[in-house]
Amino acid sequence: MLLWIAGFIILLIKLTIVLGVVLFLAGYLVWVERKFLARLQIRYGPNRAGPFGLLQPIADIVKMITKEDTVPDGADRTFFLIAPAVVALTALLMFSVVPFGKDITLLGQKVPLVVTDLNIGLLFVFAMSSLSVYGVALGGWASNSKYGLLGGIRGAAQMISYELSLGLSLVPIVMMAHSFSMVDIVQAQQRYPFILFQPVAFLIFVVSAMAESKRIPFDLPEAENELVAGYHTEYSGMRFGLFFLGEYVHIMVFGGILAVLFLGGWRGPFLPPVVWLLIKIFLVALFMIWVRGTLPRLRYDQLMTLGWKVLIPLALINILVTGAIGLIFGG
Amino acid sequence: MQPVAAGVMSPFHAGVFSLVVFTILVMLFIASQLFLAAWLGEKKKSPEKSRPYECGIIPTGSARFRYPVPFYLVAIFFLIFDVEGAFIITWAVVYRKVGLPGYEQMSFFIVLLLAGLFYIWKQGGLDWRETGKRADS
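Going line by line, the protein sequences match chains A and B. The letter at position 53 of the first sequence is residue 53 when you use this note's numbering, and the numbering goes up by one with no holes. The letter at position 39 of the second sequence is residue 39 when you use this note's numbering, and the numbering goes up by one with no holes.
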């Protein structure tokens, strides 16, 4: 019993550290994005709060907490209030299956460096990313605003369309690793990262993941020059903050999943595993910010054409080719 | 010390118990943020402030308008393809074990799925551009 309590305390500390680090990094990712994007556009970005604007995320949080939390007239109150929490919750839960190191030993027990090693880890990620559609669609619908509704239905249609190609692009990875568990997938990349075998799946995954996290060039649900801010037009204060947090945690989660599935997870020479994972996440995030600074937004029919007429057939063909090659050469 | 039996409730096992604890932590975090915002936030109601934003113009008509049919079509296609995706995913795990016979059957299934996709494509189910034929909603 005593050991159980000690283990529970270790578990609580571990989970709190994970949550704290994810939230901290998501907060600073906002700073990185504003700074890097500003540099790409030849301006300075935030530089007033602290040296190099480093205290900007903290100032943002203080501001969001002290702002008024308005509910527009005629809004569906319940759904309006829970929608941002759904987005933030699903984004944070998705991170729980990303492994960040080998097991370590404490008190004679193995402490795995992953929040939860589900044997259906990858399916859990899909499930959570589908559930976050509810936050977008309900938030947009409940706010009794025309912009909100348009953003919400656009968001729902976009996210479900790209979820198909996201799921299908990862089937070859499951075929090579024989498992949905993220820990096993990292184990399977002991010698070579999967990006060397699956460049097509990698490309499909990157594009779909960017569409899933509603980033430019796929930010039609919140296209600011058509829809003001899309599904979160009517949100203010911390509820807007939760949508915002959800978006940045989403970027980190996709960085983590991309690292685990294609770049060998926490594997790498010299540095500790956690550092390698963070480097890979950071590079993915930088890439996404760079894309945001470079590409214009797609038109809605182009978005749907890309998803349904290019990515889904390509993903299906990639499954067939992987299966054939695996049967011919694989033992 | 002897190891704790790897039960469901074992805190050393990265299983469902760990996930539940993490979920509770995340929910506590979100609740604390919303509580702080409700406690410290400004509270001044005014009819102007709570009116839905439409660029300063007084909103006309309902915001729950009817929206274009293609969104329904996408939802239906998604249901079909997602269920079929579930079949493909279950096959992917045991792909080595079922070997060539499994691959043959699955490739027939995937080709059929592709044929279905091309059929929808040909029928114009994936067209979003105004063709001029569609009546105004």
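Take these hints with a grain of salt, some might be off.
[As the list claims (entries may be wrong)] Using C-beta positions, here's what the derived DEER-type ranges look like:
id: 1; chain 1: A; residue 1: R39; chain 2: B; residue 2: P101; range: 26 to 32 angstroms
id: 2; chain 1: A; residue 1: Q190; chain 2: B; residue 2: C55; range: 35 to 41 angstroms
id: 3; chain 1: A; residue 1: I5; chain 2: B; residue 2: S62; range: 18 to 24 angstroms
[Claimed, not checked] DSSO-like mimics (lysine-lysine), calculated; alpha carbons at most 30 angstroms apart, straight line:
id: 4; chain 1: A; residue 1: K63; chain 2: B; residue 2: K97
id: 5; chain 1: A; residue 1: K35; chain 2: A; residue 2: K67
id: 6; chain 1: A; residue 1: K102; chain 2: A; residue 2: K67
id: 7; chain 1: A; residue 1: K63; chain 2: B; residue 2: K44
id: 8; chain 1: A; residue 1: K67; chain 2: B; residue 2: K45
id: 9; chain 1: A; residue 1: K67; chain 2: B; residue 2: K44
id: 10; chain 1: A; residue 1: K63; chain 2: B; residue 2: K122
Hints were generated in silico from the structure; no laboratory data involved. Note that CB positions come from ideal geometry on N, CA and C, so glycine has one too.
Quiz item: When you check the alpha-carbon spacing of A:K63 and B:K97, does it fall within 30 angstroms?
Solution: 57 angstroms, violated
Practice problem: For the pair we were handed, A:K67 and B:K45, check the Cα-Cα distance against 30 angstroms. | Solution: 13 angstroms, holds
Practice problem: Go ahead and decide if the range 26 to 32 angstroms is satisfied by the Cβ distance of A:R39 to B:P101. | Solution: 57 angstroms, violated
Quiz item: If you draw a straight line from the CA of A:K63 to the CA of B:K44, is it 30 angstroms or shorter?
Solution: 16 angstroms, holds
Quiz item: Is the hinted pair A:K63 and B:K122 satisfied, with a Cα-Cα distance of at most 30 angstroms?
Solution: With a Cα-Cα distance of about 52 angstroms, the restraint between A:K63 and B:K122 is violated, given a limit of 30 angstroms.
Quiz item: Given the hint that A:K35 pairs with A:K67, does the C-alpha gap stay at or below 30 angstroms?
Solution: 24 angstroms, holds
Self-check item: Beta-carbon spacing of A:I5 to B:S62 - inside the hinted bounds 18 to 24 angstroms or not
Solution: 57 angstroms Cβ-Cβ, so the 18 to 24 angstroms window is violated.
Quiz item: Are the Cα positions of A:K102 and A:K67 separated by 30 angstroms at most?
Solution: With Cα atoms ~43 angstroms apart, A:K102 and A:K67 exceed 30 angstroms; violated.
Practice problem: Assess, step by step, whether the Cα of A:K67 is no farther than 30 angstroms from the Cα of B:K44, and give holds or violated. | Solution: Distance of about 11 angstroms is within 30 angstroms: holds.
Practice problem: Evaluate the given range 35 to 41 angstroms for the C-beta pair formed by A:Q190 and B:C55. | Solution: 57 angstroms, violated
This entry does not satisfy hints 1, 2, 3, 4, 6, 10, going by the numbered hints stated previously.
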